[in-house]
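Visitor: Residue numbers (our numbering), protein chains in the order written: chain A, 30 to 334; chain B, 30 to 334.
Since the list gives no way to pick one copy over another, a pair counts as held whenever it fits inside one copy or between any two copies.
The calculated DSBU-like cross-link candidates involving lysine-lysine, where the alpha carbons are at most 35 Å apart (straight line), are:
1. LYS263 / LYS127
2. LYS103 / LYS45
3. LYS284 / LYS103
4. LYS287 / LYS103
5. LYS284 / LYS200
6. LYS284 / LYS263
7. LYS45 / LYS287
8. LYS45 / LYS331
9. LYS116 / LYS127
10. LYS103 / LYS127
11. LYS287 / LYS263
12. LYS225 / LYS45
13. LYS287 / LYS116
If you're looking for bench data, these hints aren't it; they were derived computationally from the structure.
Protein chains: 2
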Amino acid sequence: MTSDNIYGGLEGGGTKFVCMVGSSPQNILEEVRFPTTIPRETIQQAVNFFKRCADNTRLSAIGVASFGPLDLDKNSPTYGHITTTPKPGWSHTDMISKLHQALGIPIIFEHDVSASAFGEYYWNPQNRQKEPLVYFTIGTGIGAGIILNSRPVHGLLHIEAGHMHIPHDRKADPYSGNCPFHSDCFEGLACGPAMKQRWGQPAENLPEDHPAWNLEATYIALAMSNVIFTLSPKRIVLGGGVMQHEALFSMIRQKVLKLLNNYIQSSDILERIDDFIVPPFLGNRSGVLGAIALARVEIEEKKNN
Amino acid sequence: MTSDNIYGGLEGGGTKFVCMVGSSPQNILEEVRFPTTIPRETIQQAVNFFKRCADNTRLSAIGVASFGPLDLDKNSPTYGHITTTPKPGWSHTDMISKLHQALGIPIIFEHDVSASAFGEYYWNPQNRQKEPLVYFTIGTGIGAGIILNSRPVHGLLHIEAGHMHIPHDRKADPYSGNCPFHSDCFEGLACGPAMKQRWGQPAENLPEDHPAWNLEATYIALAMSNVIFTLSPKRIVLGGGVMQHEALFSMIRQKVLKLLNNYIQSSDILERIDDFIVPPFLGNRSGVLGAIALARVEIEEKKNN
Numbered sequence: 030m031t032s033d034n035i036y037g038g039l040e041g042g043g044t045k046f047v048c049m050v051g052s053s054p055q056n057i058l059e060e061v062r063f064p065t066t067i068p069r070e071t072i073q074q075a076v077n078f079f080k081r082c083a084d085n086t087r088l089s090a091i092g093v094a095s096f097g098p099l100d101l102d103k104n105s106p107t108y109g110h111i112t113t114t115p116k117p118g119w120s121h122t123d124m125i126s127k128l129h130q131a132l133g134i135p136i137i138f139e140h141d142v143s144a145s146a147f148g149e150y151y152w153n154p155q156n157r158q159k160e161p162l163v164y165f166t167i168g169t170g171i172g173a174g175i176i177l178n179s180r181p182v183h184g185l186l187h188i189e190a191g192h193m194h195i196p197h198d199r200k201a202d203p204y205s206g207n208c209p210f211h212s213d214c215f216e217g218l219a220c221g222p223a224m225k226q227r228w229g230q231p232a233e234n235l236p237e238d239h240p241a242w243n244l245e246a247t248y249i250a251l252a253m254s255n256v257i258f259t260l261s262p263k264r265i266v267l268g269g270g271v272m273q274h275e276a277l278f279s280m281i282r283q284k285v286l287k288l289l290n291n292y293i294q295s296s297d298i299l300e301r302i303d304d305f306i307v308p309p310f311l312g313n314r315s316g317v318l319g320a321i322a323l324a325r326v327e328i329e330e331k332k333n334n
Numbered sequence: 030m031t032s033d034n035i036y037g038g039l040e041g042g043g044t045k046f047v048c049m050v051g052s053s054p055q056n057i058l059e060e061v062r063f064p065t066t067i068p069r070e071t072i073q074q075a076v077n078f079f080k081r082c083a084d085n086t087r088l089s090a091i092g093v094a095s096f097g098p099l100d101l102d103k104n105s106p107t108y109g110h111i112t113t114t115p116k117p118g119w120s121h122t123d124m125i126s127k128l129h130q131a132l133g134i135p136i137i138f139e140h141d142v143s144a145s146a147f148g149e150y151y152w153n154p155q156n157r158q159k160e161p162l163v164y165f166t167i168g169t170g171i172g173a174g175i176i177l178n179s180r181p182v183h184g185l186l187h188i189e190a191g192h193m194h195i196p197h198d199r200k201a202d203p204y205s206g207n208c209p210f211h212s213d214c215f216e217g218l219a220c221g222p223a224m225k226q227r228w229g230q231p232a233e234n235l236p237e238d239h240p241a242w243n244l245e246a247t248y249i250a251l252a253m254s255n256v257i258f259t260l261s262p263k264r265i266v267l268g269g270g271v272m273q274h275e276a277l278f279s280m281i282r283q284k285v286l287k288l289l290n291n292y293i294q295s296s297d298i299l300e301r302i303d304d305f306i307v308p309p310f311l312g313n314r315s316g317v318l319g320a321i322a323l324a325r326v327e328i329e330e331k332k333n334n
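With the hints as constraints, model all of the structure from the sequences given.
Guide: What follows is the structure in structure tokens.
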């Protein structure tokens, strides 16, 4: 039975790698986390983990969800590579060949945030009816993934919705933004490091009644209303470190309603916004469980064709 | 042969209706235009046109592309209706039942801008490789449609990307915007009537060297860079009355490159932006030819299943 197949999932982030083996969120057999150091070392650690697991369990495929930018074009000679990342040592890193050589099973490659979006879509049965589904991670950076027609959306490159330009009232917020490319884009104004730089202390230390949270909710609401106008999603999932501050959710929802100003006449927004902008179903495991989901659908699809 | 089938297309706009019968842009058999007055009268004119055509030619289906907001949910009792439009007399208008009753053939219903996007996608062979494809009409209002997986994207409702919030430098442009819902959203700042109100004369009267065009290009470029970040389209088509001012295209392209600031490392943008942001292949007939294309794919799909 397909549902008994065991898959690997790798979430390769800028600070840590998470590797997992299992069939579903309810059936995780192994899980390890280790820091992201240099490619040779970190990738070898992942290879060792999956090889060890494969000695005990037949793995059908591995999903690799990597920080980007990535080459996702299957016809490109550098498919499966990280391209030009600012992260020292990681530009032009082949993320999949060593795994493939060591294990000889299909490797499915995806952008980490798209994999998180897919994890949320695939493992939460409710979300199968919620396309387009948009997932944002708001933390060290701001990333986004979109699920449509049961798969992550790929265009020219991956989704980079963290870099959209939103109104920035410099009187109310003189902070100039920290994006090295666009200064005060959404990420430049609202990512965790921007909060830290603006207020002189890390977001997690800011008290509940600090004005930081209202400003943060304003920027996130502006970006989410833009996403609603541009894509008409049926659900928005907000994850990442900054969103650990749970009070943000109700502030964002109220501000989104105000920004839309009844223009979008949908009861899903007007009456059920608590169920429209939501935290991740999978907590902080959306990425690695998304990688496993991508491996699973790849194998199931092959079987059905 | 399917390609010889004849279809009807109706583009129902706020100021005029365009009705067409044919099989493709190269084979248009009949075309009429008449002003949008009251629903009973205007819809009857369309019914009369298609009935007359059906006396001479077998019509396989009719695509109806209507101004919105629309009910596009096939399971809804008001499917095929315009919902709550500010246009006097047109709220809650059934756009398809009379046509269906009179002709007894399938009627395919779509939002006018999504139909335009589909027309550009379907009839321009190049665009079949250009998904996601985004189409904007910038004129009396600003509307958008997205094609992905060979079809217009439908979410909760239709795409309303004209209403996204973009930076508005009130020092450089004190005009407060004319959107009744959001004041200075993209449409509120950049639609034709906003240009007229800001500068005291209609856009088409403004000379080539008037600062209006630089400001207009700035707003359009901000919105397009947001669309590029959010959706990573492979092509953006800009149509509508304001875009008749051809000099806007090169100004917008330059400003988009500046806004992206090399963050999107794709040669399609960095080296070939003239081929990335383009005018409509179908001129001002994208909507009605899109309606015909929608009718055609509906019938061809039924045949193949």
